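Peer 1: Residue numbers (the working numbering), protein chains in the order written: chain A, 6 to 521; chain B, 12 to 101.
Keep in mind that the hints were calculated from the coordinates and are not lab data. A quick note: this is a predicted structure, and the numbers were derived from the prediction, not measured. Ideal Cβ positions, reconstructed from N, Cα and C, are used throughout, including at glycine. Treat the hints with care, as some may be off.
Covered by chain A, per the in silico footprint, the following chain B stretches (three or more residues, Cβ under 8 Å) [claimed, not checked]:
hint, stretch
1, 36-43
2, 52-66
3, 72-83
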Amino acid sequence: MTPLIVIFLYLVINFGIGILAWRRGRVTADDYYISARSQGFMVTALTIMANFFSAFAMLGAPGMLYKGGIGFVFFMLNVPICGALIWIIGKPLWRLGKRFGYITPSDLVADYYQSDILRVFIALLGIIFVIPYAVLQFQGGGYLFDVITQTSRVDLGFFILADRQMTLGGFSVSTFTAGALLLASVTMIYTIMGGMRAVSWTNVFQGALLVIGMLVGGIITVFILGGVTGLFGQAAAIKGPAIPEGSFITLPGAAKMYPVTMIFTFTLVAGFGTMASPGQWMRYYSAKGPDALRRSMIIFAVVLSACYFFGTAFIGLGGRVLFPDVIPDTVFLEILHKYLPLAVASFFVTTIMAAAMSTANSNLHAMSALVTKDLYSRFLRPGGRAGQREMVWVGRAVITVASVLSVWISLKPNIGMIVQIGLISMAVALQMFPSLIGPLYWKGATRAGTITGIILGMAVLLVTFKPAWFGISAFGESPLGIHYGFWGIMVNLASLYLVSKFTSPPTQETIERFHK
Amino acid sequence: MLTAEEKKKLFRKLIYLFIFAYLMSNGPGVLLVNKPVLIAGIPILYLWALGWAIVQIALIIYAYYKLWRDETDDETAPGQSQPAGEGETK
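Excised from the complex, chain A in its bound form (with noise of 0.2 Å):
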């Protein structure tokens, strides 16, 4: 009973922020998707470590550490890179979103190429990074409530939680389908509620929680292992019929799954796919002004990093020490069931939870904002026909499908390990990031180049993710062990660079107006 009581309480106080949230906003589009650009600066700081950290980090990288060793410890080096990322980028994606009132990133990139064309395919890009993200969030959820409730047995008469099944009234589901519902279902209706107002409000509680869950997770592992040289120790020791000793700290590690070029490239790519995701590029839109950004940068650096280097780092390595065959992405929850009192334990679920919830609600709400405001206000109600009141209705409708859609994959079998489909999303987000390179930094860009870039992108994308799809079996996935994100945007880039040099670009007129 006691993990169930604690997740409730956790989810009452979520969802009471959620409606605190309602009860301030107006119901005005600028208000629904970027609270008005008003946060401040401990409110972006947290919103976006709270979107950053999601169960990609709470439960996948641990998952990858356990299986591959510690060659993911390199993924973290993207937690500088995002760091940097959020002034180099965010500080002049704030300026002409202030400027020039955008919400979303198609209105930016729109407005500059004067494309609905880049307007359709910089939203379609963001709906595609949004689905694998939240679906991710949501298997989370099914793994941690799976795992804590596994020796819960609660007879109510109407309930019954026993043997990993969940029975209200005549309906049963699997503890794993229950968590990914309930986790979906209450993330869903606060953010229909409230819209950016309640994801922000709810991610400054998340986030504070996630940072606490992270750290004090990795000093538990710690603890467990006998000290730092202890876990480390039992770590280089690993070994195995395919395992010899000492790959759990060499690279390319224990399955292989880590040669330098592709810790050299899917660094890169977590870190300025995640960068260019439709949820932090609305991020910067609604600080309240560069201060705000500008702190939030050094926060995140700085306590991120630590939570990665000391928190998932421990429980990763620690993990596959103290339990040599579970599931990878369920080591942390294994650790917290075994080691803590349940009462602990499950207040801990509650900070992984949060950072699943964080990271759903805010790509969700996002992606309410591109579908209404890119495409149905834009195509279906053109000129201004659809009023702020349809517009905010529009986009929780959105949200309310989204969330559907995502917890359905969610509860496929065999979808994937959650870093893995992770990695999907940023891979198709950082495509959105050559778009930004002519209203930021090259006048020389073209609409043309853009357009193709993100045409050539996408497909050498899909062609390096999976090479058998297309016929060609010369080559592994992620051929020459180069992330595919990578060789789609070194293709995006090429493109865009090539065709530019050949078309035109915006008149001097727009491009004044842009690089003032």
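We have chain A already, so just place chain B on it with the hints.
Peer 2: Chain B only, in chain A's frame:
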């Protein structure tokens, strides 16, 4: 107080240093230490990654103090203008 030109030069230098740090951590530099060796009980690869992460964060903090801390909000009040070619969608 640095001039705009000096700031530009310093920014460029810091970018080069950041790229160098990245090449050392996640690029060919990591091959220098790719051995199953523990230093004070900690794998050399972990220390290498942590060390370069600290260098990168230090560069960001240095840039914050030297380049970015004093940049001001030079924009108009929010919501004054609409996206060009957008109609009245807000």
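Peer 1: Out of the numbered hints, which ones does the structure contradict?
Peer 2: none
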